[in-house]
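A.B. asks: This is what each chain is made of:
2 protein chains.
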Amino acid sequence: MNDMIITGDYLITMDMKNRIIRNGALYIEQGIIKDLGTKKDIIANYDAQVVIDEPHKIVAPGFIQAHTHSVQTIFRGLADDLSLLDWLKKRILPLEAAIDKETSYYSSMLGFIEMIRTGTTSCLDMLTVNFANEGISAARDIGIRTRIGKMLMDMGGDGVPETLIEDTDDALEDSIKLLEKWHNYDHGRIKYVFNPRFALSCTEKLFKNVRSLTNEYNDLFIHTHASENLEEVATVRKLTHKSNIEYLHSLGITGKDVTLAHGIWVEEHEYQILKETQTNVCHCPSSNSKLGSGVCDVLKYLNLNIPIALGADGAPCNNNLSMFQEMKTAAFLQKATRKDPKALKAPNILNMVWKNGARALGMQHSIGSLEKGKKADIVVLDYNHIFTTPFFDPISAIVYSMQPSNVYAVIIDGKLVFKENKFLTIDETVILKKANKLAQKLKEKVLGF
Amino acid sequence: MNDMIITGDYLITMDMKNRIIRNGALYIEQGIIKDLGTKKDIIANYDAQVVIDEPHKIVAPGFIQAHTHSVQTIFRGLADDLSLLDWLKKRILPLEAAIDKETSYYSSMLGFIEMIRTGTTSCLDMLTVNFANEGISAARDIGIRTRIGKMLMDMGGDGVPETLIEDTDDALEDSIKLLEKWHNYDHGRIKYVFNPRFALSCTEKLFKNVRSLTNEYNDLFIHTHASENLEEVATVRKLTHKSNIEYLHSLGITGKDVTLAHGIWVEEHEYQILKETQTNVCHCPSSNSKLGSGVCDVLKYLNLNIPIALGADGAPCNNNLSMFQEMKTAAFLQKATRKDPKALKAPNILNMVWKNGARALGMQHSIGSLEKGKKADIVVLDYNHIFTTPFFDPISAIVYSMQPSNVYAVIIDGKLVFKENKFLTIDETVILKKANKLAQKLKEKVLGF
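Which chain is which? The protein sequence lines are A and B, in order. First residue of the first sequence? That's 12 in my numbering, and the numbers climb one at a time after it. First residue of the second sequence? That's 12 in my numbering, and the numbers climb one at a time after it.
Mixed in with the good hints, there may be bad ones.
If several chains are the same, the list does not tell them apart, and a pair holds so long as it fits within one copy or across any two.
To be verified - Capping the alpha-carbon separation at 25 Å, the derived lysine-lysine pairs in BS3-like fashion look like this:
id: 1; residue 1: Lys452; residue 2: Lys112
id: 2; residue 1: Lys444; residue 2: Lys430
id: 3; residue 1: Lys454; residue 2: Lys356
id: 4; residue 1: Lys45; residue 2: Lys100
id: 5; residue 1: Lys51; residue 2: Lys28
id: 6; residue 1: Lys311; residue 2: Lys350
id: 7; residue 1: Lys216; residue 2: Lys101
id: 8; residue 1: Lys356; residue 2: Lys101
id: 9; residue 1: Lys112; residue 2: Lys454
id: 10; residue 1: Lys350; residue 2: Lys249
id: 11; residue 1: Lys383; residue 2: Lys253
None of these hints come from the bench; they were simulated from the model.
Bound conformation, chain A alone (with noise of 0.2 Å):
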């Protein structure tokens, strides 16, 4: 790991003046950001190397991702244009059921070169139940930054694969394991985070044991999905005689320490449970979308103060994990929804991004802004490019203009790891190929064609 110096016609610094400084660069030693001002002043007192120094870059905080599932990513494809309950009884299970330790590995793998390739530097990831710890070397691998584990699952239902549920204390044992081997791996760059998968798939000893062993850990998490859609929050009521996150909240499932993805169908009195819980929660709009699960109240949750931020979730409901296509849908969607163009801001999708993604993956003093002290997450964006000309305002610009292809570089804990196409970690051609062979094998095996 290097000392480095970074140059951009425009620096991004989301600190607490909001800057934006113009000719200017970051000096980093050790992946931590040292220093910051103009470009000028950096190179005079700094003796290291200037990585990147290129006309037309702007420097920002790598996008942060607040919900994904990396190791769906092989599914891409695979489950368009269907029902909820086919999408998930028929598709998603069934192939979840059937990954292999390779196939883990692999998935996730295509997941993080996507979010990469696109500027995301760190994210939030549930893994299937099974070969969690394939998944979690994928990102050891590639170099990114995530808070993620295996999903847990202790009760099915109608149509759930048995390989998917596991005895509760089979679950946590084997999460105990995974967190003990990965939590705060090279120098944390890896952290580890329970994901149960939802109030339906989990008893309320897991979920006890869940907010137990959070508490008795040092920087754990919690990641679930919370009403997501109109079937799941009747479902809940009707077994639980509560609301879906009142449900969640009675078993210690709310707190700065857990993220909600989704929260779409959601009760009056459940949004005051946010507040003062100061839950995170994260708003997936593509995924919403294409599963037609309704649409999120994003700016109710920004008006109370709860902080939401914003994550692709999964391949196969999505089809990409391309932060760029999030932060235009989530604009699109409130502003198309309301008949108003001023509802949701190009700062305000920015500020969901950068700050409440780094309070979901519990990240907020060491990631989302650029500053003194911070870690070296970074996205360069080339902005001399069809998408982005003319050029103006480098915000509106990121928001509503850019392009995957506008990503010149991504720099994870003060590392390299994509410049100019070519990622600098792995092989990409070669994970491809072996990614698309393991695909085709898996969809003839689970899906018969």
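Add chain B to chain A, keeping to what the hints say.
C.D. replies: Okay, now just chain B, sitting in the frame of chain A:
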């Protein structure tokens, strides 16, 4: 214009039987598809240069956009997150009014560059009132197929710059000059269209004259905006005592040779008018979202068998001109607002793009499918890419997974215009640099900052 053979793993024909030919090829002579079939047969039967013969390619009809404003591309990023009134009166109209000859050329050129880079081979384009000749010249130079014309406005209202409002006869005279110069230029690659802006900027006399001129000349078309937002339809009702489309219908602005952009706020009897007259409608999902116009009832149009196509509208209300985004956003909006993941499936979307797109340009006999005798307007898509890995179904991949970088080559009128990230007809780098300079000048002049 040379004879050529193009091969691909998948040939999406969009013919009557919706055939997808595996390991297929096209033989093209003088810009026309002369034959198609398996690669083996085509290569054995024809003695022509094999221009594209690489693995992992999908060969499909070029995308068709049925509503664009190429000349607004230079306003990209200058009109974000504003109320509709501010968007129009503080930005779009003054900027349009300030366009000079050179800006008109470079702005439209930017638009065509972005469209072609993202797979579009044809568009129905509305320029501005002045310097339309330069916008059409850009289409001539880059090689796009377009039905294009000057914008017609002969009345204004509060806040409309005077230079945009013409005397009715002058507007028509200028149109006739342009159409006599450009209509059917380059063996029909460029065709003319009358572009009255919308009900509130045109007199009855103008609309009536447009209708009679359209009847007088061969193969002309009418293209206007209709029922895009609630205030517009309310004002039209107040002024004309008719609903908007009813009013246009009374002036002859409906029919198979008419394309109406947007069609969001449409009354029941107006849907019937559109159905009976088989008027084309163009859905612009990104624009409708970003401007907070509302959500078009696409399924209603499809159920009523009213031909509805897709378009990106202009850069200041989008901010891109990519059909990948429009296809995905169209599907997302219907699924999200109906809470139905089966609403507007991938094949429906591609029907809108290709079949209805060709109709909306009055070109259904020459483009929109790969068939013997049709024009060689082709997009070659590379699916060996992270965004389309794994790869299963080409239709689903195009609609839900592809990004602009999946476009490998674009052929228009039998001419290779774009291949492997490079234009063969223009110098993109020079144009981007020049356009950026013009844009900065325009911004300072009009907006004063």
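A.B. asks: At most 25 Å between C-alpha atoms: does Lys444 with Lys430 qualify within a copy, between copies, both, or neither?
C.D. replies: This pair counts as both: shortest intra-copy Cα distance 21 Å, inter-copy 23 Å.
A.B. asks: What label fits Lys216 with Lys101 when the C-alpha limit is 25 Å: within, between, both, or neither?
C.D. replies: neither (28 Å within a copy, 60 Å between copies)
A.B. asks: Given identical chains, is Lys383 near Lys253, meaning Cα to Cα at most 25 Å, within a copy, between copies, both, or neither?
C.D. replies: This pair counts as neither: shortest intra-copy Cα distance 46 Å, inter-copy 63 Å.
A.B. asks: Quick one: Lys452 to Lys112, C-alpha cut-off 25 Å, is that within a copy, between copies, both, or neither?
C.D. replies: Within one copy, since 14 Å is at most 25 Å while 58 Å is not.
A.B. asks: Could you place Lys45 and Lys100 in one of the four classes (within, between, both, neither) given a Cα distance threshold of 25 Å?
C.D. replies: Classified as neither: same-chain Cα gap 50 Å, cross-chain 47 Å, threshold 25 Å.
A.B. asks: If the cut is 25 Å between Cα atoms, do Lys51 and Lys28 qualify within a copy, between copies, both or neither?
C.D. replies: Answer is within; shortest intra-copy Cα gap is 22 Å, inter-copy 65 Å.
A.B. asks: My question is about Lys356 and Lys101: at a cut-off of 25 Å on alpha-carbon distance, are they close within one copy, between copies, both, or neither?
C.D. replies: This pair counts as between: shortest inter-copy Cα distance 18 Å, intra-copy 39 Å.
A.B. asks: Measure nothing new, just compare the shortest in-copy and cross-copy C-alpha distances for Lys350 and Lys249 to 25 Å and report within, between, both or neither.
C.D. replies: between (35 Å within a copy, 22 Å between copies)
A.B. asks: With identical chains treated as interchangeable, where does the CA-CA distance between Lys454 and Lys356 reach 25 Å or less: within a copy, between copies, both, or neither?
C.D. replies: between (41 Å within a copy, 21 Å between copies)
A.B. asks: Between copies, within a copy, both or neither: which fits Lys311 and Lys350 at Cα up to 25 Å?
C.D. replies: both (16 Å within a copy, 20 Å between copies)
A.B. asks: Could you place Lys112 and Lys454 in one of the four classes (within, between, both, neither) given a Cα distance threshold of 25 Å?
C.D. replies: Close inside one copy (16 Å), not across copies (56 Å); limit 25 Å.
Consistency note: the structure conflicts with the earlier hints numbered 4, 7, 11.
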